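Peer 1: Each chain is listed here by its residues.
Number of protein chains: 2
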Amino acid sequence: MSSQKDHKLCMIPGPVEFHEDVLTSMSTLATSHVSPAFIPVFGESIQLLRKVFLTEKGQPFVVSGSGTLGWDMVSSNLVEPGEDALVLNTGYFGDSFSECLKVYGAKVTQVKSEIGERTTIQEVSDAISDKSYKIITITHVDTSTGVLADVKGISEVVKKQSPNTLIIVDGVCSVGCEELRFDEWGIDVVLTASQKALGVPPGLSILVASERAIEVFKNRKTPIPSYYASWAHWLPIMNAYESRKGMYFATPPVQLIYALNTSLKQITSIPLETRFEQHKKASNRIKDALDSLGLNFLPKNREAAANGMTAIYYPEGIQPADLLQKVASHNVVIAGGLHRAIATKYFRVGHMGISATEPERKHLDTVISALTDSLKELGYSGK
Amino acid sequence: MSSQKDHKLCMIPGPVEFHEDVLTSMSTLATSHVSPAFIPVFGESIQLLRKVFLTEKGQPFVVSGSGTLGWDMVSSNLVEPGEDALVLNTGYFGDSFSECLKVYGAKVTQVKSEIGERTTIQEVSDAISDKSYKIITITHVDTSTGVLADVKGISEVVKKQSPNTLIIVDGVCSVGCEELRFDEWGIDVVLTASQKALGVPPGLSILVASERAIEVFKNRKTPIPSYYASWAHWLPIMNAYESRKGMYFATPPVQLIYALNTSLKQITSIPLETRFEQHKKASNRIKDALDSLGLNFLPKNREAAANGMTAIYYPEGIQPADLLQKVASHNVVIAGGLHRAIATKYFRVGHMGISATEPERKHLDTVISALTDSLKELGYSGK
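Protein chains in written order, with full-length UniProt numbering: chain A, 1 to 383; chain B, 1 to 383.
Heads up, a few of these hints could be off.
Simulated restraints on C-beta separations [claimed, not checked]:
# : chain 1 : residue 1 : chain 2 : residue 2 : range
1 : B       : 6         : A       : 302       : 46 to 54 Å
2 : A       : 247       : B       : 132       : 36 to 44 Å
3 : A       : 342       : B       : 366       : 35 to 43 Å
4 : B       : 40        : A       : 342       : 22 to 30 Å
5 : B       : 222       : A       : 122       : 55 to 63 Å
6 : B       : 265       : A       : 313       : 36 to 44 Å
Just so you know, these hints were derived from the structure itself, not from any lab.
Everything numeric in this text was worked out from a predicted model, so none of it was measured.
From the three backbone atoms N, C-alpha and C, an ideal C-beta is built for every residue, glycine too.
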């Protein structure tokens, strides 16, 4: 671990700090994407993803791209032009998912929450009694606000009132740190990316689709309006690698997949329950410390707050750039605001992956000290 | 270099062997994508790409994705539904580019060459006198056949006969190893990927667009039919990072971009002319050796053959799997066939990047010995 000591600790809501073994996998020597060395690594990674997503038969996709590409996958494979999509919007990422859906012809209705609030079950119930939606999208954690959605509760009401609606979860900032039970909750798609709680450098778009979602995809009547995002290309590739055969559509990012494999093995080496608890504990630790400094959070209450990140309003009199720079001078990197309406009014701290699961690294202590000291140095005297 | 000795030498037409410093950059510690550490690395990489593409004002795009994503970028940003596209097809990648163009509504006409032949200037001249094409696409090197297109000659005839047609070059297997002069030849788009002659692990879709192409994009009348591939998102990001500011659309693949930066600095440290010559020399070395063994090449003559790879017919009596496995037992990995019509009849050898530019590594000797010995062991007695 000592080799990592000199760099600024990256405590943003992704990319997160990476385990040394994951970084070593990133520099795997040149390896053919269809070689007997690589095929089982890719194949096993696909299988390990099922364990992390808590699904028996969900179909994983691992594609070269950013998390954003997951929206294109959902919008272009599952929704046909003119079909209705309901977007539960708790921040920036709800806006973007809506925009993406519209590009591919969906008619989008949004349930927009006030900043810091999460969608209530009643709001969902009301919305789905109006119209028959092809899909409903839930941002599990909106990275711009740190608001945590009640995926389980929403899923229940959708299943009851509108059983044909596909339930889509944007899990970019939740997979690997928030409780998310694909099969048990009846989710149809969870999309995520490598650089958050999965603990792998950015560059992989990762998605799991239910058997039902794959059926809907296979039975679509209109042509798929994307080439790169089309499951018609990726499904055979995933099946081939899972059955330990090479196949070509686009060159997979070999080194990133080696890194993914390393991280997935670490993640699945302990029960996922334990991992969820570790993130809850880390989150409470950070939130209690900031609370005791008299700071206010974007999410209205702890229940509606993410466990992998925290979004905090700057206290009166503290300038955004000042705090971020001061914290950086303590060798810790935190993130500014992202939600357009209030971008300069708050900052964000990430506490996912090894920062939460390996307390011996003292990442939480380090970020709490850096924040406490920085605020003091900027003249903030607490509550 | 000794650390790389134990692995099987990867002599396929991408991914290629990577320089140690590039691999070290791949394991760059966690770094925020909007940090003062990373922003100049991304910004400088964008600028260095212009030097490699030999352009003053071309607009580089560096996006998380496979090379394949470049086709979506061209097809969704530059062609509007119903517009005509002319595809010069010298193999598998011409078929795929055509398929991608059609997904986004282009009307595609193909000039298909016989396997091993390249499109003649006369064929291009005839094709563009029939119709007014919005774009013409040229696969500079079709990785499935090893055929090298005459981009300069084609560009000349298009400029003369159909000056408004945008000239698009698929340079996935050519950028960094084949002579390609963006400004001088009047190219409008070159798309490529990281894992070939640019010497970086797979995971980056890289593209350069001319000022004219950007104008055409900005003046399009119909909505852009893609979200992830839309230049409306990527253009502001590229401009921001180039002017040393962070901006967010999708998390860039930080570690891959550090690796790209390292490789681009190496590539631009000597004149590109020298690099082109090094690849020509390496190519002749390989082709002369295989020629002297009595083997036959897919490309009909040396002029129509790529300098970064070689496609070779199996000699009579040699089974595909046998040769690839035998060569692997000599610790060298080569590639099988990819062109659907003759996939089991030929194999491919890559000689790009450090394998061509750093002869002291003896990669060419190693692959020539491995092939010579393997053929002998399989009972092939030469011409």
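Peer 1: Now tell me, hint by hint, if it's right for this structure.
Peer 2: These are the hints, each one checked on the structure:
For residue 6 of chain B paired with residue 302 of chain A, a C-beta distance near 52 Å keeps the hint of 46 to 54 Å intact. Remark: the range hint 36 to 44 Å for residue 247 of chain A to residue 132 of chain B is upheld by a beta-carbon distance near 39 Å. Between residue 342 of chain A and residue 366 of chain B the Cβ separation comes to about 59 Å, which falls outside the hinted range of 35 to 43 Å. The hinted range of 22 to 30 Å is satisfied by residue 40 of chain B and residue 342 of chain A, whose Cβ atoms lie roughly 29 Å apart.
Checked against the hint of 55 to 63 Å, the C-beta distance between residue 222 of chain B and residue 122 of chain A comes to roughly 40 Å, which is inconsistent with it. At about 42 Å, the CB distance of residue 265 of chain B to residue 313 of chain A agrees with the hint of 36 to 44 Å.
In summary, the numbered hints that this structure violates are 3 and 5.
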